[in-house]
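J.: I would like the entire structure built from these sequences, with the hints used as guidance.
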Amino acid sequence: MEQHQENAVKLHRKVRVEEKCRLEEQERFSEVDKKINHAAIELETYRNRAKELEEELDTIVHYYERQSISYEKKAHDNALAA
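Numbering follows the UniProt record's numbering, with no gaps: position 74 of the sequence shown is 74.
For the record, the hints were derived by calculation from the structure and aren't laboratory data. Since the structure is predicted, the reported quantities are computational estimates derived from the model, not experimental observations. Be a bit skeptical, because a hint or two may be false.
25 angstroms max Cα-Cα, derived SDA-like pairs, lysine to any residue [what the hints assert, rightly or not]:
hint, residue 1, residue 2
1, Lys73, Ile60
2, Lys34, Tyr46
3, Lys73, His62
4, Lys51, Arg66
5, Lys35, Asn48
6, Lys10, Leu23
For each label pair, taking beta carbons as the anchor points, the in silico distance ranges come out as [to be verified]:
hint, residue 1, residue 2, range
7, Asn7, Thr45, 54 to 62 angstroms
8, Glu2, Val32, 42 to 50 angstroms
9, Ile69, Glu44, 31 to 39 angstroms
10, His38, His76, 51 to 59 angstroms
11, Glu6, Ser30, 32 to 40 angstroms
12, His38, Val61, 57 to 65 angstroms
13, Asn37, His12, 53 to 61 angstroms
14, Glu2, Arg28, 34 to 42 angstroms
15, Leu11, Arg47, 47 to 55 angstroms
16, Arg22, Val61, 56 to 64 angstroms
17, Glu54, Asp77, 51 to 59 angstroms
18, Glu2, Ser30, 35 to 43 angstroms
19, His4, His38, 26 to 34 angstroms
20, Gln3, Asn37, 45 to 53 angstroms
Backbone N, C-alpha and C fix where the C-beta goes; we use that ideal spot for every residue, glycine too.
T.: Below, the structure is given as structure tokens:
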């Protein structure tokens with residue numbers, strides 16, 4: 001009977017240790033999930049900002065292209081008038 005109690009105590013300790021390890025691992029996974037989610041949100045933010053900057057650059061390029069065309073036309077008209 002004493003052997004049975006010792007085995008039960010050993011088994012109970014083993015179960016507690018395994019449960020503690022499982023909980024620690026679950027906590028680590030939870031932290032990793034939080035970091036992954038945070039990184040995904042940051043990535044989306046950077047992608048959106050990059051898209052905004054590309055659109056802004058396109059607007060600026062088109063503005064200066066139109067301005068250049070306008071100056072070329074004025075120069076051409078002035079050359080014809082001279």
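J.: Hint by hint, note whether the structure agrees.
T.: Evaluated hints:
1. Lys73 / Ile60: Holds, at roughly 20 angstroms.
2. Lys34 / Tyr46: holds, 18 angstroms
3. Lys73 / His62: holds, 16 angstroms
4. Lys51 / Arg66: Holds - the C-alpha atoms of arginine 66 and lysine 51 are around 23 angstroms apart, at most 25 angstroms.
5. Lys35 / Asn48: holds, 20 angstroms
6. Lys10 / Leu23: Since the Cα atoms of lysine 10 and leucine 23 sit roughly 20 angstroms apart, the hinted pair holds (cutoff 25 angstroms).
7. Asn7 / Thr45: 54 to 62 angstroms: Once the Cβ atoms are compared, 57 angstroms apart, the range 54 to 62 angstroms for threonine 45 and asparagine 7 holds.
8. Glu2 / Val32: 42 to 50 angstroms: Taking Cβ atoms as reference, glutamate 2 and valine 32 lie about 45 angstroms apart, which means the hint holds.
9. Ile69 / Glu44: 31 to 39 angstroms: holds, 38 angstroms
10. His38 / His76: 51 to 59 angstroms: holds, 57 angstroms
11. Glu6 / Ser30: 32 to 40 angstroms: Once the Cβ atoms are compared, 36 angstroms apart, the range 32 to 40 angstroms for serine 30 and glutamate 6 holds.
12. His38 / Val61: 57 to 65 angstroms: violated, 35 angstroms
13. Asn37 / His12: 53 to 61 angstroms: With a Cβ separation near 37 angstroms, asparagine 37 and histidine 12 fall outside 53 to 61 angstroms, so the hint is violated.
14. Glu2 / Arg28: 34 to 42 angstroms: holds, 39 angstroms
15. Leu11 / Arg47: 47 to 55 angstroms: 53 angstroms Cβ-Cβ, so the 47 to 55 angstroms window holds.
16. Arg22 / Val61: 56 to 64 angstroms: holds, 58 angstroms
17. Glu54 / Asp77: 51 to 59 angstroms: Violated - the Cβ-Cβ distance for glutamate 54 and aspartate 77, about 35 angstroms, lies outside 51 to 59 angstroms.
18. Glu2 / Ser30: 35 to 43 angstroms: holds, 42 angstroms
19. His4 / His38: 26 to 34 angstroms: violated, 51 angstroms
20. Gln3 / Asn37: 45 to 53 angstroms: holds, 51 angstroms
The structure is inconsistent with the numbered hints 12, 13, 17, 19, although it conforms to all the rest.
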